[in-house]
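A.B. asks: When you get a sec, could you build the whole thing from the sequences and use the hints?
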Amino acid sequence: MSASRRWLRTEYVLPVVAFATVLVAFLIVPGLAGEQLNQGSYFNAFQGFAPLGLVTLAVGLPLIAGEFDVSVLGMQALGGVLAVRAGGHSGLLGVAAAVAGCGLLGLLQGIAIARLRLASLPVTIGTYIALLGLTNVIASNNTLTYGNLSASVWVDQPVLTWFSPRSLITFGLCAVAIVLFGATRLGPELKAMGSDRRAGRVAGVAVERRVAALFTCSAALAALAGALFSYSSASASLDPGLQPLILAVAAAVLGGVSLSGGRGAAWGLLLGALAVALLEELFSIIALSNSTTQIVFGCMLLFVVSADAPDLRTTMTAAATRYRRTDGVELP
Amino acid sequence: MSAIPIRRPPALDRVGAGRKILAVLGLATGVAIVIFAVLTRRFLTWDNIKAIFSSASLVGIMALGLTFITLVGSLVSLAVAPVAVVCAMAFLSALGLGLVPALAIAMALGAVINAGQGALIGAWNVNAVILTIGAGFLIDGFAQTVHGGKIILPAGGGYATLNSTPLGVPVAVYVMVGLAIAFQLVLKRTVLGRQILLVGSNRRAARAAGLPIGRITTAAFALAGASIGLGGAFLGAFNTGASTYLEGTLTFDAIAAVLVGGTAITGGRGSILRTLGGALAIAAISDVLLLRGLATGAQILFKGVLVVAVVVLTQVRLSGRDT
Numbered sequence: 000m001s002a003s004r005r006w007l008r009t010e011y012v013l014p015v016v017a018f019a020t021v022l023v024a025f026l027i028v029p030g031l032a033g034e035q036l037n038q039g040s041y042f043n044a045f046q047g048f049a050p051l052g053l054v055t056l057a058v059g060l061p062l063i064a065g066e067f068d069v070s071v072l073g074m075q076a077l078g079g080v081l082a083v084r085a086g087g088h089s090g091l092l093g094v095a096a097a098v099a100g101c102g103l104l105g106l107l108q109g110i111a112i113a114r115l116r117l118a119s120l121p122v123t124i125g126t127y128i129a130l131l132g133l134t135n136v137i138a139s140n141n142t143l144t145y146g147n148l149s150a151s152v153w154v155d156q157p158v159l160t161w162f163s164p165r166s167l168i169t170f171g172l173c174a175v176a177i178v179l180f181g182a183t184r185l186g187p188e189l190k191a192m193g194s195d196r197r198a199g200r201v202a203g204v205a206v207e208r209r210v211a212a213l214f215t216c217s218a219a220l221a222a223l224a225g226a227l228f229s230y231s232s233a234s235a236s237l238d239p240g241l242q243p244l245i246l247a248v249a250a251a252v253l254g255g256v257s258l259s260g261g262r263g264a265a266w267g268l269l270l271g272a273l274a275v276a277l278l279e280e281l282f283s284i285i286a287l288s289n290s291t292t293q294i295v296f297g298c299m300l301l302f303v304v305s306a307d308a309p310d311l312r313t314t315m316t317a318a319a320t321r322y323r324r325t326d327g328v329e330l331p
Numbered sequence: 000m001s002a003i004p005i006r007r008p009p010a011l012d013r014v015g016a017g018r019k020i021l022a023v024l025g026l027a028t029g030v031a032i033v034i035f036a037v038l039t040r041r042f043l044t045w046d047n048i049k050a051i052f053s054s055a056s057l058v059g060i061m062a063l064g065l066t067f068i069t070l071v072g073s074l075v076s077l078a079v080a081p082v083a084v085v086c087a088m089a090f091l092s093a094l095g096l097g098l099v100p101a102l103a104i105a106m107a108l109g110a111v112i113n114a115g116q117g118a119l120i121g122a123w124n125v126n127a128v129i130l131t132i133g134a135g136f137l138i139d140g141f142a143q144t145v146h147g148g149k150i151i152l153p154a155g156g157g158y159a160t161l162n163s164t165p166l167g168v169p170v171a172v173y174v175m176v177g178l179a180i181a182f183q184l185v186l187k188r189t190v191l192g193r194q195i196l197l198v199g200s201n202r203r204a205a206r207a208a209g210l211p212i213g214r215i216t217t218a219a220f221a222l223a224g225a226s227i228g229l230g231g232a233f234l235g236a237f238n239t240g241a242s243t244y245l246e247g248t249l250t251f252d253a254i255a256a257v258l259v260g261g262t263a264i265t266g267g268r269g270s271i272l273r274t275l276g277g278a279l280a281i282a283a284i285s286d287v288l289l290l291r292g293l294a295t296g297a298q299i300l301f302k303g304v305l306v307v308a309v310v311v312l313t314q315v316r317l318s319g320r321d322t
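Chains A and B, in that order, are what the protein sequence lines are.
When we follow numbering that gives the first Met the number 0, the leftmost residue of the first sequence carries the number 0, and every step to the right adds one.
When we follow numbering that gives the first Met the number 0, the leftmost residue of the second sequence carries the number 0, and every step to the right adds one.
The set of hints was computed from the structure by calculation and includes no laboratory data.
Positions of the beta carbon are idealized from the N, C-alpha and C atoms, including for glycine.
Hints are supplied without guarantee of correctness; some may be wrong.
[What the hints assert, rightly or not] Every beta carbon over 10 angstroms from chain A, so not counted as near; a handful from chain B, in silico: (1) Lys19; (2) Val37; (3) Thr39; (4) Arg40; (5) Leu43; (6) Ser53; (7) Ala103; (8) Ile104; (9) Gly155; (10) Asn162; (11) Gly167; (12) Leu191; (13) Gly209; (14) Thr239; (15) Leu289; (16) Gly292.
[What the hints assert, rightly or not] Okay, the calculated bits of chain B under chain A, using three or more residues with CB under 8 angstroms as the criterion: (17) 65-79; (18) 118-124; (19) 253-259.
C.D. replies: Here is the structure:
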């Protein structure tokens, strides 16, 4: 494939186009609606990006390798509660407890999935339910409030006007993922695992180890997102609902990840997450109601997932062929 | 000609050994749970068994239909709760027309909403999990727009019939058992049921055999939608009102019942009666934990662990059969 053709592949084009479109909309639409963008708009968008970016990495990296991890929702809830429980005196200790605890659970889950060659979706649905239960047990069935005010203030203080430590941590981890994905063999290996597990194994990818590592990272990232979010809101909720997963999947798909695995890149995940975060802030600037926002994101997800469907192209080719036949043009 | 010795790769041997250990562990745990349950005071009383059946009924009715989606190879629907709530709203609003028309409207609405999703999934092989997440989000947003945050109240009194308890057993339990038998007959005795199993076990073979995969998947989703609509009607009747707050953990409870029943997530293997068993098992275990004085958190935790355990056992058993 020539260099120019290579850059026309979906995994390169989609994230750039999606991000650019959303950015243009973000800059123009508020003006049309009689609202004005200010420094706070960018700050808020990046605040929204802070947890979203982490969860997008947590969902997107396994997706590239052909694994779907629903348990990130549970890890996020558990991470939030662990951080609040353990971080009363030291915020750092709370984050460490959340990341280590969930990372360990993620490792166990990953080893089981890899060793026993389990389908990740039903297993992670089970662990998601179990994690919600565990979160409830640890929190004694009550929403926890976080008393460590200095940690709450620290994570959300403005840095360089537009950013906060919370969003900068997410940017930093995205950068690490991009470097690891692009500059080492990790990227091609994950894609090989996602497109053809057996071929990847034959080509020498240590599939089991990669799967275990992926679920560990995914759990740790989700826990970090949950921990920082609960610091920011000074409380830990027991059930985040499905919304974080929905937004993260939308971000991953806009970032060029194929839901059947084998396609995508870490920088695409970053752009996808930024696009969704900007959209969310845009909707809040033009004061779109919650339900309308939901409808828009729902439609977007339906459209994107349908366009990504494996049999759509076959169906379209078949239809085009039929059309050409009736047109009287001879087929080769 | 001398036979070439076939050596199983060590990785497969590991899976084989793990399989045996898991089977023993699974059996031991199952026996332990049964002993634990029987030794729990008041577990084996008629009132308690009735309580288990009635607490299983609502989720059970929806899970029975959801099994078709899993069997046809479309994994699960993550839009169970939003569809149920919308159907509950439609049921309560239509009660002015009488109970039977309202029930029919709820079931038809559920069937239509789900058939739409099934059509896309069947025709283009769209990722079912993500599509149903998106659809659920959309339906939820739509429901919120329609009811504007208010609770929809019954437009007639017919809902009381659904809450009645003939011979001391709630109507929902009769419906659950009746539906399980009807759906099991559909699955095992009709052409559609056979087709659903074939599409689920081997989509490519089903296509090669000339089966209309799109239509079969749509039908499976429609059956699921009708049962979710019926469950939604009971949901609305129990709560004498409907709003999106009713969604709770309905979706995952229904999925848990299907998975605990042992229906294979990959499709093609399983049955409706297994799901009935799954729903009852979850209800029984929650009941034991409740009798032992454990709080909600522990019950959810145990349910999740049970799902993981059964999923692991089912999959390891199936993959063992294939190698």
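A.B. asks: Run through the hints listed earlier and report the numbers of any the structure violates, in increasing order.
C.D. replies: Violated: none.
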